[in-house]
Amino acid sequence: MAVPVDEGILNALRGVTSQSTRLPKPLLIKIYVSSLKQDFCQERRMLLELVGPELQSLYDDRQIEIEIVDMHFGTGSLDISQVEKDPYIMHDYLHEVEVCHQNSKSVFFLALIGNSIGYMPLPTHIDNDIYELITSDTTQLMTKDERQILDKWFSKRDMADETTTTTTTTTTTTTSTVNENNENFRQSHLQQQYVLKQDYR
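Each residue of the sequence shown is one higher than the last, beginning at 2 in the working numbering.
Wrong hints could be hidden among the right ones.
[What the hints assert, rightly or not] Below, simulated DSS-like cross-link-like pairs (lysine-lysine); rule was C-alpha separation at most 27 angstroms, straight line: (1) Lys86 x Lys153; (2) Lys198 x Lys157; (3) Lys145 x Lys157; (4) Lys145 x Lys86; (5) Lys86 x Lys198; (6) Lys157 x Lys106; (7) Lys153 x Lys198; (8) Lys145 x Lys106.
[To be verified] Computed spacing ranges between beta-carbons, pair by pair: (9) Glu50 x Glu85: 17 to 27 angstroms; (10) Gln141 x Tyr89: 28 to 38 angstroms; (11) His96 x Thr18: 40 to 50 angstroms; (12) Leu14 x Leu151: 47 to 57 angstroms; (13) Thr144 x Ser58: 52 to 62 angstroms; (14) Leu59 x Ser21: 34 to 44 angstroms; (15) Lys198 x Lys106: 33 to 43 angstroms.
Calculated from the structure, these hints are not laboratory results. Just so we're clear, the structure is a prediction, and the values are computed from it rather than from any experiment. A virtual CB, placed ideally from N, CA and C, is assigned to each residue, including glycine.
The task is simple: from the sequences and hints, build the whole structure.
What follows is the structure in structure tokens.
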């Protein structure tokens, strides 16, 4: 006797889905390993090369996939991290953490903490009011050269145009009330920002 197939799965195979469609998810344990690039190099290598495969062999019979994510692995010299070269990569790191959180059936984040906090990456976006507060600092904490560097690296951008496109694409999948709330929030907080130039160096 054939096993009945869920109607939602059949519709998905036909290309018809909605927000209420519930599809089976793979049995996946995806763990994001977070640390400074210079710290725990051997420990992170052992996690990827020894611990990960060993765990996978234990869970193969349960059809559970083990995946360990280390964004620093194989990215070159330890002297400088990818985020220091390009602060926009931080968005990729945060996106990968979110993916691990959404897809993992168990643990999704492992932090290896040493004695150093490392260098803080440059912000990719600065709100207009904060930027104006920094540049109009009356306490003389910034030199003239530092202000010139700030003006050179960041450009003012009206974020309303960018958020309009993302809002219109989501209208087909969300209710109009949610869209209105999102649009109001974005327009009130992201009207104008200073954005780090891609070629700031």
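For this session: State the violated hints by number, sorted upward, taking the hints as numbered earlier in the document.
Result: 6, 8, 11
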